[in-house]
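A.B. asks: What follows is each chain in one-letter form.
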Amino acid sequence: MIIRGGNVVFKNGVEKKDILVKNGKIQKIADYIPADGGEEINAEGLHVFPGLIDMHVHLREPGFERKEEIESGAKAAVKGGFTQICCMPNTNPVLDNKVAVSYVKYRGKEVGLCKIHPIGAITKGEKGEEMAAIASMKKAGAVAISDDGVAVKNARLMRLAMEYAKGFGIKCLCHCEDKDLVDGGVVHEGLSATIAGLKGIPRAAEDVIIAREISLAETLDTPVHICHVSTYSGVRMIRDAKKAGIKVTAETCPHYFAATDEIILGYDTNTKVNPPIREEIDKQAILEGLKDGTLDCIVTDHAPHHADDKNVEYNLAAFGISGIETSFGFAITYLYKAGVLTLPELAERMSYNPAKILGLEGGEIKEGEVADFAIASLDEEWTVDNSKFLSKGKNTPFNGYKLNGVVKYTVVDGEVKYGESALAQKEGSKTKTIRVCGVKMKDKE
Amino acid sequence: MLNRKDLLGLIDASKEEITEILDLAEEFKQRIKRGEKKLDRLSGKTVTVLFYENSTRTRTSFEQAAKYLGATTINIAAGTSSVAKGETLVDTGKTLDAQKNDFIVMRHPMGGAPYLLAKTVKAGVLNAGDGMNEHPTQALLDMLTMRETFGRLEGLKVAILGDIKHSRVAKSNLFGLKTMGAEVRMFAPETLIPKGMDKLGAKICSSREEAVKGADVVMGLRIQLERQQAGNFPSLGEYAANYGVDEKVFALAKPNAIILHPGPVNRGVELTSGIIDHERSRIEDQVLSGVAVRMAALTLLNEARNNGEATK
Numbered sequence: 001m002i003i004r005g006g007n008v009v010f011k012n013g014v015e016k017k018d019i020l021v022k023n024g025k026i027q028k029i030a031d032y033i034p035a036d037g038g039e040e041i042n043a044e045g046l047h048v049f050p051g052l053i054d055m056h057v058h059l060r061e062p063g064f065e066r067k068e069e070i071e072s073g074a075k076a077a078v079k080g081g082f083t084q085i086c087c088m089p090n091t092n093p094v095l096d097n098k099v100a101v102s103y104v105k106y107r108g109k110e111v112g113l114c115k116i117h118p119i120g121a122i123t124k125g126e127k128g129e130e131m132a133a134i135a136s137m138k139k140a141g142a143v144a145i146s147d148d149g150v151a152v153k154n155a156r157l158m159r160l161a162m163e164y165a166k167g168f169g170i171k172c173l174c175h176c177e178d179k180d181l182v183d184g185g186v187v188h189e190g191l192s193a194t195i196a197g198l199k200g201i202p203r204a205a206e207d208v209i210i211a212r213e214i215s216l217a218e219t220l221d222t223p224v225h226i227c228h229v230s231t232y233s234g235v236r237m238i239r240d241a242k243k244a245g246i247k248v249t250a251e252t253c254p255h256y257f258a259a260t261d262e263i264i265l266g267y268d269t270n271t272k273v274n275p276p277i278r279e280e281i282d283k284q285a286i287l288e289g290l291k292d293g294t295l296d297c298i299v300t301d302h303a304p305h306h307a308d309d310k311n312v313e314y315n316l317a318a319f320g321i322s323g324i325e326t327s328f329g330f331a332i333t334y335l336y337k338a339g340v341l342t343l344p345e346l347a348e349r350m351s352y353n354p355a356k357i358l359g360l361e362g363g364e365i366k367e368g369e370v371a372d373f374a375i376a377s378l379d380e381e382w383t384v385d386n387s388k389f390l391s392k393g394k395n396t397p398f399n400g401y402k403l404n405g406v407v408k409y410t411v412v413d414g415e416v417k418y419g420e421s422a423l424a425q426k427e428g429s430k431t432k433t434i435r436v437c438g439v440k441m442k443d444k445e
Numbered sequence: 001m002l003n004r005k006d007l008l009g010l011i012d013a014s015k016e017e018i019t020e021i022l023d024l025a026e027e028f029k030q031r032i033k034r035g036e037k038k039l040d041r042l043s044g045k046t047v048t049v050l051f052y053e054n055s056t057r058t059r060t061s062f063e064q065a066a067k068y069l070g071a072t073t074i075n076i077a078a079g080t081s082s083v084a085k086g087e088t089l090v091d092t093g094k095t096l097d098a099q100k101n102d103f104i105v106m107r108h109p110m111g112g113a114p115y116l117l118a119k120t121v122k123a124g125v126l127n128a129g130d131g132m133n134e135h136p137t138q139a140l141l142d143m144l145t146m147r148e149t150f151g152r153l154e155g156l157k158v159a160i161l162g163d164i165k166h167s168r169v170a171k172s173n174l175f176g177l178k179t180m181g182a183e184v185r186m187f188a189p190e191t192l193i194p195k196g197m198d199k200l201g202a203k204i205c206s207s208r209e210e211a212v213k214g215a216d217v218v219m220g221l222r223i224q225l226e227r228q229q230a231g232n233f234p235s236l237g238e239y240a241a242n243y244g245v246d247e248k249v250f251a252l253a254k255p256n257a258i259i260l261h262p263g264p265v266n267r268g269v270e271l272t273s274g275i276i277d278h279e280r281s282r283i284e285d286q287v288l289s290g291v292a293v294r295m296a297a298l299t300l301l302n303e304a305r306n307n308g309e310a311t312k
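Line by line, the protein sequences give chains A and B. Mapping the first sequence onto this note's numbering, position 416 (from 1) lands on 416, and the numbers just tick up by one. Mapping the second sequence onto this note's numbering, position 32 (from 1) lands on 32, and the numbers just tick up by one.
It should be emphasised that the hints constitute simulated quantities derived from the structure, not laboratory data. Just so you know, not all the hints are guaranteed correct.
Dumping the calculated DSS-like pairs for lysine-lysine here, alpha-carbon to alpha-carbon at most 27 Å [to be verified]: (1) Lys100/B to Lys388/A; (2) Lys119/B to Lys402/A; (3) Lys5/B to Lys310/A; (4) Lys100/B to Lys67/B; (5) Lys388/A to Lys402/A; (6) Lys394/A to Lys38/B; (7) Lys124/A to Lys242/A; (8) Lys166/A to Lys394/A; (9) Lys15/B to Lys248/B; (10) Lys138/A to Lys247/A; (11) Lys122/B to Lys310/A; (12) Lys178/B to Lys394/A; (13) Lys394/A to Lys157/B; (14) Lys179/A to Lys247/A; (15) Lys15/B to Lys310/A; (16) Lys195/B to Lys178/B; (17) Lys310/A to Lys119/B; (18) Lys28/A to Lys98/A; (19) Lys124/A to Lys166/A; (20) Lys388/A to Lys310/A; (21) Lys195/B to Lys5/B; (22) Lys37/B to Lys179/A; (23) Lys310/A to Lys337/A.
Computed footprint of chain B on chain A, listed as stretches where at least three residues anywhere in the stretch have a Cβ under 8 Å from a Cβ of chain B [stated by the list, open to error]: (24) 15-26; (25) 87-94; (26) 123-137.
A few chain B residues facing chain A, derived, Cβ under 10 Å [to be verified]: (27) Met132; (28) Ser206; (29) Glu210.
Given the structure is predicted, the values throughout are model-derived calculations rather than measurements. Glycine included, each C-beta is placed from N, C-alpha and C at the ideal position.
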């Protein structure tokens, strides 16, 4: 395959190049590569990014297939430009053993769109009582451990899990939330919560656990990763910790840099997310943190839900936003177009850093690297329309938002897995491609 | 004109709308006092009173208001448990709509629930209290009693003391009174004041004396035992001693100041018995004001429906 004439987003700059792909790898990058009669993608006027990596999604399978399945989630992912996604273990059963982890891995391969990496639980059943079988899960393919959805309440148990995991190089991804401080809150504690008469979640509910995890990382000299940072104070603590040489990395989500808590006025339950969308001061700090590298990654925390989980009173609605199909658009519009990040920086936050943190392939366009790409038009404007989501979760508060940045092709291991336009067909190819809502899937022969 | 389908809160109520409700309520109040309790302004209409929380005062007040207006009333005591376990609010709303109810009066323990119901049903929805959010007819009845006493609302100094944080009454009063040009002062333990109340126009005071001094209206809010149990303050005794209103504190208010309380009162906690039974107390008068403003709200919403003007 040749990707021709695209503006290639390298680690240190953007250059117009041709890319030759052979056997799922990038074989050659040059100003001009002669046609070889094989498949070609005309990337003239488009930008070629390293395949995006989302290290924080919820695929809901097994157990909550009404909300999402691995297949629907993977379709949504490739539409969003993602070539690798890491799914959280809060399924039913919880991914806290090698059998469950293997199942997700197997289903991911069977679906055959993007690469799906399961994340194992830190504790059995995410109950925060006993450590899960971390070593076995790692052998079965878990790329990290997390009790996402809850924090491990017992600091001693968290310490032991971090120490144990350190022994074989697997990281803890920490969902930071003190339930006592949350105290039944459903939105950010501030003026908007007061106007709406909804119970607030103070920043401290997130910050005290961020502080604890940083302290454990320092004490144990072991790396720790902070999930979905939403507070300005959390950003500051992580920045200070990095300066002090503590091995901490962190992620944030588009809804924390694109929205503020006024969005909850009107009681749209699609605005309900954990941690909550906070205030302008937080949004600005998140942008600053992304710019100066305090926040290493942009993830979606893609949390699909069924309409029934949201069409209820605000207090009763499920937390979560379906975000994997809008993440790239938000990043291009609110970060690149707004002058916060350059394209190489954006690619670093959405691909290189997640790969580095989790030890995954990809993350960079260079010869010899895996041929994972997101090929996109940056200027094309589009309007968020959840009825067109491929994810089963239509729960976005951003319907009607105008964004730039449209993914045209997603290439995984040298194969086009998503693409709207027709491609040059492989001569004598055995694989027939079928079109499933724009997603090309291999027909089983 | 009150050109609304629903009355969900005072957050977006205009001065004209509030005045219109209070004017009509004043008329109804006089008629009730004269013994005229059989009006036909809502005859042939059905008003369903749907309460997901216990209440005697507000529920009976709405029922009485609807009955005085000649409507058929249906009372559903849903109980809090059915919120979590049973039929969803949306489905309940669809059922009530299918029965061709004209109005649904709802009390619900969760903020914003009436907005969800109003969006779902064709019937007009009246919010009878939603969680910590609003209780518009309570604020309207408070304003009616104030206006009757002082002949105006503009320029009045209203001190609200008690559990501001969990009080839909405080918030509706704040919205309504600010719109009408009154000054609203609030005082409570810091744990019972929600974030940003000052930005909404309330003057947050640092002592009960500061709040009450020179006030025209002193309003106590119920301190629920469960708030103490949840750790918001150490004991009811400590609350009464530092935050309650007694005769000594009330003496700082204007000589013709009045005392209000949405009820039910905890005697000796937020207000002493001496204050509750004070000659300047209007707590009992509030009850009749309640029936009158609810009659007015139902009547005006019904007129808007009949005229096809329920645009909001």
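A.B. asks: If a hint holds in the structure, say so; if it doesn't, say that too.
C.D. replies: Hint by hint, here is what the structure shows:
A distance of roughly 35 Å separates the Cα atoms of Lys100/B and Lys388/A; the hinted pair therefore is violated under the 27 Å criterion. Between the alpha carbons of Lys119/B and Lys402/A the distance comes to roughly 26 Å, so the proposed pair stays at or under 27 Å and holds. At roughly 24 Å between alpha-carbon atoms, Lys5/B and Lys310/A fall within 27 Å of each other, so this suggested pair holds. Of the pairs offered as hints, the one joining Lys100/B and Lys67/B holds, with about 18 Å between alpha carbons and a cut-off of 27 Å not exceeded.
About 15 Å separates the Cα atoms of Lys388/A and Lys402/A, which keeps this hinted pair within 27 Å; it holds. At roughly 51 Å between alpha-carbon atoms, Lys394/A and Lys38/B are farther apart than 27 Å, so this suggested pair is violated. With a C-alpha separation of about 31 Å, the suggested pairing of Lys124/A with Lys242/A is violated against the 27 Å cut-off. For the given pair, Lys166/A sits about 38 Å from Lys394/A by alpha-carbon distance, which is inconsistent with the 27 Å threshold.
Using a Cα cut-off of 27 Å, the hinted pair Lys15/B and Lys248/B is violated, with the two alpha carbons roughly 35 Å apart. With a C-alpha separation of about 21 Å, the suggested pair Lys138/A and Lys247/A falls inside the 27 Å cut-off, and the hint holds. Using a Cα cut-off of 27 Å, the hinted pair Lys122/B and Lys310/A holds, with the two alpha carbons roughly 21 Å apart. In summary, the hint linking Lys178/B to Lys394/A is not supported, as the alpha carbons are separated by about 40 Å, beyond the 27 Å threshold.
In summary, the hint linking Lys394/A to Lys157/B is not supported, as the alpha carbons are separated by about 49 Å, beyond the 27 Å threshold. A distance of roughly 26 Å separates the Cα atoms of Lys179/A and Lys247/A; the hinted pair therefore holds under the 27 Å criterion. With a C-alpha separation of about 35 Å, the suggested pairing of Lys15/B with Lys310/A is violated against the 27 Å cut-off. With a C-alpha separation of about 18 Å, the suggested pairing of Lys195/B with Lys178/B holds against the 27 Å cut-off.
Of the pairs offered as hints, the one joining Lys310/A and Lys119/B holds, with about 14 Å between alpha carbons and a cut-off of 27 Å not exceeded. Between the alpha carbons of Lys28/A and Lys98/A the distance comes to roughly 38 Å, so the proposed pair goes past 27 Å and is violated. Of the pairs offered as hints, the one joining Lys124/A and Lys166/A holds, with about 18 Å between alpha carbons and a cut-off of 27 Å not exceeded. Only pairs whose Cα atoms come within 27 Å are accepted, and Lys388/A paired with Lys310/A is accepted, the gap being roughly 18 Å.
Using a Cα cut-off of 27 Å, the hinted pair Lys195/B and Lys5/B is violated, with the two alpha carbons roughly 31 Å apart. Restraint check: the Cα-Cα separation between Lys37/B and Lys179/A comes to about 52 Å, which exceeds 27 Å; the hinted pair is violated. For the hint linking Lys310/A to Lys337/A, the alpha-carbon distance of about 32 Å lies beyond 27 Å, and the restraint is violated. Taking a C-beta to C-beta cut-off of 8 Å, the segment 15-26 of chain A contributes 0 residues in contact with chain B, too few for the three needed, and the coverage statement is violated.
Counting residues of the segment 87-94 of chain A whose C-beta lies closer than 8 Å to any C-beta of chain B gives 0; at least three are required, and the coverage claim is violated. Check result for the segment 123-137 of chain A against chain B: violated, 0 residues qualifying (beta carbon to beta carbon below 8 Å, three or more required). Taking 10 Å as the C-beta contact cut-off toward chain A, the hint placing Met132/B at the interface holds, the least distance being around 4 Å. With 10 Å as the threshold, the beta carbon of Ser206/B stays out of range of chain A, its nearest partner Cβ sitting at about 19 Å, so the hint is violated.
Given the 10 Å rule on beta carbons, the hint for Glu210/B is violated: about 22 Å separates it from the nearest Cβ of chain A.
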